[in-house]
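> Each chain, letter by letter, is given below.
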Amino acid sequence: AQKITQTQPGMFVQEKEAVTLDCTYDTSDPSYGLFWYKQPSSGEMIFLIYQGSYDQQNATEGRYSLNFQKARKSANLVISASQLGDSAMYFCAMILYGNNRLAFGKGNQVVVIP
Amino acid sequence: DTEVTQTPKHLVMGMTNKKSLKCEQHMGHRAMYWYKQKAKKPPELMFVYSYEKLSINESVPSRFSPECPNSSLLNLHLHALQPEDSALYLCASSQGQQGNQPQHFGDGTRLSIL
Numbered sequence: 001a002q003k004i005t006q007t008q009p010g011m012f013v014q015e016k017e018a019v020t021l022d023c024t025y026d027t028s029d030p031s032y033g034l035f036w037y038k039q040p041s042s043g044e045m046i047f048l049i050y051q052g053s054y055d056q057q058n059a060t061e062g063r064y065s066l067n068f069q070k071a072r073k074s075a076n077l078v079i080s081a082s083q084l085g086d087s088a089m090y091f092c093a094m095i096l097y098g099n100n101r102l103a104f105g106k107g108n109q110v111v112v113i114p
Numbered sequence: 115d116t117e118v119t120q121t122p123k124h125l126v127m128g129m130t131n132k133k134s135l136k137c138e139q140h141m142g143h144r145a146m147y148w149y150k151q152k153a154k155k156p157p158e159l160m161f162v163y164s165y166e167k168l169s170i171n172e173s174v175p176s177r178f179s180p181e182c183p184n185s186s187l188l189n190l191h192l193h194a195l196q197p198e199d200s201a202l203y204l205c206a207s208s209q210g211q212q213g214n215q216p217q218h219f220g221d222g223t224r225l226s227i228l
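Line order of the protein sequences matches chains B and G. Just so you know, the working numbering puts 4 at position 4 of the first sequence, and the rest follows in order with no gaps. Positions in the second sequence are counted from 1; adding 114 to them yields the working numbering.
Simulated from the structure, these hints should not be mistaken for lab results. Warning: the hint list may mix true and false statements.
[What the hints assert, rightly or not] With beta-carbon atoms standing in for the labels, derived distance ranges: (1) B:Met-11 to G:Ser-134: 33 to 41 Å; (2) B:Glu-17 to G:Ser-176: 45 to 53 Å; (3) G:Arg-177 to B:Asp-29: 28 to 36 Å.
[Stated by the list, open to error] Computed cross-link-like contacts, DSSO-like style, restricted to lysine-lysine with a CA-CA straight-line distance of at most 30 Å: (4) G:Lys-154 to B:Lys-73; (5) G:Lys-133 to G:Lys-152; (6) G:Lys-155 to B:Lys-3; (7) G:Lys-123 to B:Lys-106; (8) G:Lys-150 to B:Lys-106; (9) B:Lys-16 to G:Lys-154; (10) G:Lys-154 to B:Lys-70; (11) B:Lys-16 to G:Lys-123.
[What the hints assert, rightly or not] Quick look at which bits of chain G chain B covers, simulated, 3 or more residues with Cβ under 8 Å: (12) 134 to 146; (13) 220 to 226.
All residues carry an ideal CB built from backbone N, CA and C; glycine is no exception.
Whenever a hint applies, use it, and build me the whole structure from the sequences.
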C-alpha cells in the first residue's frame, strides 16, 4: 500500500510571497499518480495539480507547480504569489495506476496574511 | 461551483432515522466514490463504483448502503447511524480507473447524528 507524509505544522504566509508545501511518499510500485488538493474551511475539495510517475517534466497549473523528485520520492507543491484566498488545508494524495484507492496525507494548513 | 453536486449540504438526523445522501455528475465520468472526513483529518475512502458496479467497499458498516442507479447518480443510504458517524461526506467522480485522471469532488454533506 502507498503512504503519504506531510509533516509541516500550520504555516503563515505573507500575501504575494511564494510558499512550498512538502510531501513525501512511499511505494515500491513504479506506476503511480500524485495529486494536490485544496480544501477551504467551507469543505469542498478542489483539485489543483497532477504529476504522473513517468512524467519527465514538473507539472504546472497557473500559480501552482509541483517539484517532483522521483529518486527522493518527494512531490512538493509550490504556490507562487500567495493570495488571501489561498488560505486553506492542502492535501497531497497518491494513487497506484489500476488501483482506485486515493491515499491522502494528513494535510498542511496554510494561512495567508495581508 | 463544482461539477459534482451533492445534496443536502447539511443533514441532522436521529439514530433511528433513515435518510439518503445524493450525488450527481454530468461529466461522463464512469467511476464514483464516497469518502468520509472527520474534522482536521484527511478523507477516508468508503466505496468505489466503476461502470455502475461496486468495485471497492472499505469494510464499511452495513448501516451505510451505497447505490448507483445510473452512471450520473450515486446515493448513500443511511440507517441507524451512530454519533461517531457525524462527519463531512464527500462524493467524487473520475473518468475511469486508470489512476492518471483526477477525482473531482462535490462540496460535501455535513452530517450530524443526534
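> Determine for every hint whether it applies to the structure shown.
Going through the hints against the structure:
1. B:Met-11 to G:Ser-134: 33 to 41 Å: holds, 39 Å
2. B:Glu-17 to G:Ser-176: 45 to 53 Å: holds, 50 Å
3. G:Arg-177 to B:Asp-29: 28 to 36 Å: holds, 34 Å
4. G:Lys-154 to B:Lys-73: With a Cα-Cα distance of about 25 Å, the restraint between Lys-154 of chain G and Lys-73 of chain B holds, given a limit of 30 Å.
5. G:Lys-133 to G:Lys-152: Between Lys-133 of chain G and Lys-152 of chain G the Cα gap is close to 20 Å, so the pair holds against 30 Å.
6. G:Lys-155 to B:Lys-3: Judged against 30 Å, a Cα distance of about 15 Å means the pair holds.
7. G:Lys-123 to B:Lys-106: holds, 24 Å
8. G:Lys-150 to B:Lys-106: holds, 14 Å
9. B:Lys-16 to G:Lys-154: holds, 26 Å
10. G:Lys-154 to B:Lys-70: Cα-Cα ~29 Å, so holds.
11. B:Lys-16 to G:Lys-123: It is violated: about 33 Å lies between the C-alpha atoms, which goes past 30 Å.
12. 134 to 146: violated (count 1)
13. 220 to 226: holds (count 4)
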